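Residue numbers (the working numbering), protein chains in the order written: chain Y, 95 to 845; chain Z, 95 to 845.
Take the hints with a grain of salt, since some may be wrong.
Said to hold, decoys possible - Here chain Z is said to cover these stretches of chain Y; the calculated rule only asks that three of the stretch's residues, wherever they fall, bring their Cβ under 8 Å from a Cβ of chain Z:
#, region
1, 391-397
2, 554-562
3, 680-694
What the hints assert, rightly or not - Partial list, derived from the structure: chain Y residues whose beta carbon lies under 8 Å from chain Z:
#, residue
4, D306
5, Y309
6, H310
7, V565
8, P568
9, G570
10, G610
11, E612
12, V703
13, N710
14, L712
15, A714
Hints are computed from structural coordinates only; laboratory data are not their basis. What you are looking at is a predicted structure, and each value in this text was computed from that prediction instead of being measured. Think of the CB as a built atom: it goes at the ideal place given N, C-alpha and C, for glycine as much as any other residue.
2 protein chains.
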Amino acid sequence: MRHFGSTCSALLLWTTFALPLGEEAPLRGFTAEASRIEREWEAKFRAIPRPDSLREYMKRLAARPQHLGSAYGRNNAEWLRDKFRSWGLDASIETFDVLFPTPKERVLELTGATHFIAKLQEPVIPTDPTTSQREEQLPTYNAYSIDGDVTAPLVFVNYGIPADYEQLEKMGVSVKGAIVIAKYGQSWRGIKPKLAAEKGAIGCIIYSDPHDDGYHAGDVYPKGAYRPKGGVQRGSVMDMPLRAGDPLTPNVGATATAKRLELSQVETLTKIPVLPISYEDAQPLLSAIDGRVAPESWQGGLPITYHVGPGPAQVHLKLQFNWNRVPLYDVIIRIPGTTAANEWIVRGNHRDGWVNGASDPISGQIALMEEARALAALLKQGWQPKRTIIYAAWDGEEEGLIGSTEWAEQHAEDLRQHAAVYINTDASGRGYLGMGGSHSLQRFINGVAKDITDPETNLSAWKRLQFRNIVDAPSGPARSSLRSTTDLRIEALGSGSDFTPFLQHLGIASLNLGFGGEGGDGSYHSIYDDVALFTRFSDTSFTYGRALAQTVGTAVMRLADADILPFEFQGQVDTYGRYLDEIHQLVETKRERADEVNRELAEGVLSAVSDPREPNTLPAKVGAVPYLNLSALENGVAALRASARRFETAFDKASIRTIAGLAELNADLTQTERALTSDRGLPRRPWYQHLLYAPGFYTGYGVKTIPGVREAIEQGNWSEAEEEAVRVGAALTKEAKLLDTAAARLESGAQ
Amino acid sequence: MRHFGSTCSALLLWTTFALPLGEEAPLRGFTAEASRIEREWEAKFRAIPRPDSLREYMKRLAARPQHLGSAYGRNNAEWLRDKFRSWGLDASIETFDVLFPTPKERVLELTGATHFIAKLQEPVIPTDPTTSQREEQLPTYNAYSIDGDVTAPLVFVNYGIPADYEQLEKMGVSVKGAIVIAKYGQSWRGIKPKLAAEKGAIGCIIYSDPHDDGYHAGDVYPKGAYRPKGGVQRGSVMDMPLRAGDPLTPNVGATATAKRLELSQVETLTKIPVLPISYEDAQPLLSAIDGRVAPESWQGGLPITYHVGPGPAQVHLKLQFNWNRVPLYDVIIRIPGTTAANEWIVRGNHRDGWVNGASDPISGQIALMEEARALAALLKQGWQPKRTIIYAAWDGEEEGLIGSTEWAEQHAEDLRQHAAVYINTDASGRGYLGMGGSHSLQRFINGVAKDITDPETNLSAWKRLQFRNIVDAPSGPARSSLRSTTDLRIEALGSGSDFTPFLQHLGIASLNLGFGGEGGDGSYHSIYDDVALFTRFSDTSFTYGRALAQTVGTAVMRLADADILPFEFQGQVDTYGRYLDEIHQLVETKRERADEVNRELAEGVLSAVSDPREPNTLPAKVGAVPYLNLSALENGVAALRASARRFETAFDKASIRTIAGLAELNADLTQTERALTSDRGLPRRPWYQHLLYAPGFYTGYGVKTIPGVREAIEQGNWSEAEEEAVRVGAALTKEAKLLDTAAARLESGAQ
């Protein structure tokens, strides 16, 4: 220990003694000694992953189309299992049996004068060998569209989100009895047919507008990485905001013997037929639509004036599917823990793509593989994780998070009891570390990010992200706050990847990680998402793949090795307090808006500004927005705030060695996220049990925080908003009580 | 007079007595009796203009191409003069002799592998007869481009405004030695070659991107009114922010005998050759540019990915002009005043178009004609304006406000002494009344707008505009303020029409009026701006043309008949105070920005967020922004505020009948706008003498208020900003003193 002499102030001496120069503060939840050892193991771990290995894995896994139910997909599963076993890991395949419709017939044509038949086929690119594997490629379609044969006038609905239908109503245009054509984007794709059907449409076409991921965004493939004119985004349109997983086996694992619904009983198929197309196929359809010119913000990147219709273009859409069941293969690795084997750290990435899927999902899967290889190497060197670690390569994610959901449903009881944390990755690229998840893990994952080196700048991944946020900040105060913060805010999770069954169905604290933000492409869910494109345009050096493996592996080890699970709750409740503020603001904005609309109607403002050549339909008088009783929610936040503070104070003072009941403490901490769930789930979607985070019922990917309250307010259901506030308040209070219990245990071990 | 009985309060009784039910407040500057008579004459006036007359005038005036120097233009001038005379008015043609280059040779071609020769010719549209008058149409070109023959790589510069060059610099792209291709829009077109030349470019191409006024904006002609692929925007690129008018005769009327510069001495020609093209001609050029992909906000509406270059596309641009002088014919009407003949109200609209010019300028010219016809009719009925009224149909506006500028320069002394107000119109359409001008006329023109009926809603034009502003308001407080205001704010004037020589060169209080905002088109300065398009898509009923004639005619009469000129200065100084606030905010923003950039450079933020595959050039360390002494300006505003209040109080109490020196009072009021000018003019552009309003040196059309100070700050010239603040402060103080003198006269006539 260095001696600074007698001129130093007491405080400086104290600080110096507490943190001798060159030594870091102990990791949260570790003793100083355990922290030192942990850091050594983590450093060894991070030295292992190799870009060349990542590249080789990708070449193998994305060599052929490998979707759910495909021969190469099964081959990949077996290869992965054998690879993991060759490293000495306990790997096995867990099989489920799930509904997976594939196209039998697809017809899309313009009837009438300008006859046109859509190609519905992505062109081969001669310089890209895997694009020609046509035999094995799934056709371009949306899975879980119902069968249908409809002919009707076309209506262009922009992105087909609620705001677009409000605009159509204002323009006096109805989609009743029509086929809608919507752009991809601005919502999860399944929202488009769902909303269209609610509005009375009888068919739905979704296309990729070149403004969004085609030539307007950048050079198209093969010159650049953006969507060529014939490229199509496949994708599931299952009603996942209602429930994820195999449509035939809600709430239970789709084992061979599981009780199954009849197809006619399934709730998560679409109500109308849906088909995705390219912008090459879309242009003749959009050009044939007349009627009012679409609003300026609806005009896309095609060299035409977009109109809304309806018609005169009449479209014939015919879709028939093989409603087959196929086997699904999850690859599962188990690394048993030592002293806390009953506490599980679960880490997953899906392994199935829509076609070759080099980026989605193989770029994430190969990081998972290198993590597993490195952990296996450490185990051989004597590393002994306290907690049990489970690694999973999910199948059937693209169709509806099926592999992860069926596994989570099958093992629900065990997971609810044992799983402390789930960490997810998916497609990953180049640039900045994206961090989303449960806010009790915000401090933890910020700490990990500080230990990861960004391959382009040699700054830490955390520092580079902080710098990015400073540059993007909207104001001076926002920049100041970013400069002084120790924890960057992590995103709340909506849906779109395999964290959903763990976080939102089971209430397991979760993280979703990945790199991105530099470059970009339009190969998503097309035959062009392949090795040739990825290795020319994305993480070409695979150094970000290595950084991802380093990030997630470090997180897994640190979680598995900590004496006390490193959850932190003051950051969590601070975030929840912000959500509460947003909800208050939402009510206020709705109230002001309602008052203003009613006032403008009364004054005649709205009729006065309506252009008589393109008259607007005036809105109906709006009901006044009442003042809501959200006190239970407010009290819940207040209770959690107090308990989080008590917990943190106790945590700071506790000596890990002397705490009575460390196992019970960790068990309580594991349950803090579960406290935020309800067996009844969210209104009208009981599968979603987390009361703080959910995919939006009308946004899909986009998260709604405190969804029961927020969505009720959005829909103007005031009594439900108040009821849900009571439920959320109770959940927060339940978590607060758990923290009080945990704090009491810590206080028992105070220094 | 109604009696309200003894329970009424004294105040209420007073109010009731002052404004008996059913009677309006007297017009500002009129006695109650004079106001009643004025209202009767104005009502008679507004009953006269007829849509059918407007339609007939347009058919005649826009029947053939009628640009400066054309046979049909001269024919129109004579027809107008004779028409005015036939109504009994004193009309004559005033002729000038001005420089007007027209193309001798125009070549634009891609050299190298993909040879392409630009068409440079707008296609005839068979259903539109006047588009085929090719013999008389001016070719597509930019007037006052220099001759040139250059071959160089192309660089795409977006709109070619200062912010775009900052972006190019960040991307490490220079235009030195290159030919730039810029989109029309975001600045006056002459700014584009001016800035390009300053940056080292040797040629400039300007094109109309379909995103801005082509198919992205709406259906193209002839289906709709937007720019078809072959449509080209002609236009002047004279350096008008330096000086308007005939380039050979700065500051003096271009009479036959005027002293003229040699061509080589002219300052307002471009420094490099410039040519406008269609988007059909632009697409091959833009497609042949490679290098970095242009930023997302630069991507236009063509179905390509826009790159910035330079090259590899090499372009050959050759331009040769006939540098001829042509005769210019202003048509001038004079209606002599009676008791205040020495005070002039001047009203103008240009009569020349680039081709047929149905919208620009004939839609405004025909309103002027109906005003003149109606005034002539009133004169026959015995109406006697106190002040002299001058109506003017300007020639050569399109080339550089030449007709108005030469006339204003020729009659500068008289105008400075006698002209109280100039009222301008130009192309006018359908929708909302646009009001711009000197803020001492804000209350006056608001009052006029309240007396005009909007033809679509039968609300007053003022009420409809208020409603529009409420709907567009950004916030609740902004809406509240709009709901309670008596005066809607009028826009400050930059340039782009004939008010410039009157307001900004001579310091005559000016207004610019017109209807618009509903519909829109892309025929601007093309062969498609013709009767066929206008009568299908614009003010098809000519009822807005009538409303424009009613608005301007009412304003002219009210100004000509008032006992006291109805200027109002509290609104003026309130507006100037806002400009001062903006300037303080501008300094503050620049200071924060400089500090932030320097801090980010020091921290390494900017290098950290630079994508190594597309690295940014880091900015140089910025000099700190000093705290400026703007006290003279602040004191000037304060002095004007005090004097405006004194004037208004005196005005409220004054009895017009008993004021001593009414003529002197009006003469003082006439000089209030002149007080805001300086003989020295603005820095580096002495022709622009108004110290409060000017076209931006680097924006062109866009106004810069308090331009000497504001532009100095924008350019980081701190000492000039302080010097200019002293000059503006002195001007405001001079106006304040005039108001004190005027107030003293009013006080002499207090009730």
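Restraint outcome when Y/H310 is required to lie within 8 Å of chain Z by C-beta distance: 5 Å, holds
Within 8 Å of chain Z (C-beta), three or more residues of the region 391-397 of chain Y: Result for this restraint: holds, n = 4.
Y/N710 as chain Z interface residue, shortest Cβ-Cβ below 8 Å: Since chain Z brings no Cβ nearer than about 11 Å to Y/N710, farther than 8 Å, the hint is violated.
Y/V565 as an interface hint toward chain Z, with CB separation required under 8 Å: Where the cut-off is 8 Å and the nearest Cβ of chain Z is about 5 Å from Y/V565, the hint holds.
Status of the hint placing Y/L712 at chain Z (closest C-beta pair under 8 Å): For Y/L712, the interface hint is violated, since the closest Cβ of chain Z sits about 12 Å away, which is over 8 Å.
Chain Z covers the region 554-562 of chain Y, three or more CB atoms within 8 Å, holds or violated: holds (count 4)
Hinted contact Y/V703 with chain Z - closest CB pair below 8 Å: Because about 5 Å separates Y/V703 from the closest Cβ in chain Z, which is inside the 8 Å limit, the hint holds.
Hint check, Y/A714 versus chain Z [nearest Cβ-Cβ separation less than 8 Å]: Nearest chain Z Cβ about 18 Å off; hint violated.
Hint status (Cβ of Y/D306 to nearest Cβ of chain Z, threshold 8 Å): Y/D306 check fails; min Cβ-Cβ to chain Z is 11 Å, beyond 8 Å.
Hinted contact Y/G610 with chain Z - closest CB pair below 8 Å: For Y/G610, the interface hint is violated, since the closest Cβ of chain Z sits about 12 Å away, which is over 8 Å.
Minimum beta-carbon distance criterion (8 Å), Y/E612 to chain Z: Constraint on Y/E612 satisfied, holds at 5 Å.
Minimum beta-carbon distance criterion (8 Å), Y/P568 to chain Z: Result: violated, 13 Å to nearest chain Z Cβ.
When the structure is compared with the earlier hints, violations turn up for hints 4, 8, 10, 13, 14, 15 and for no others.
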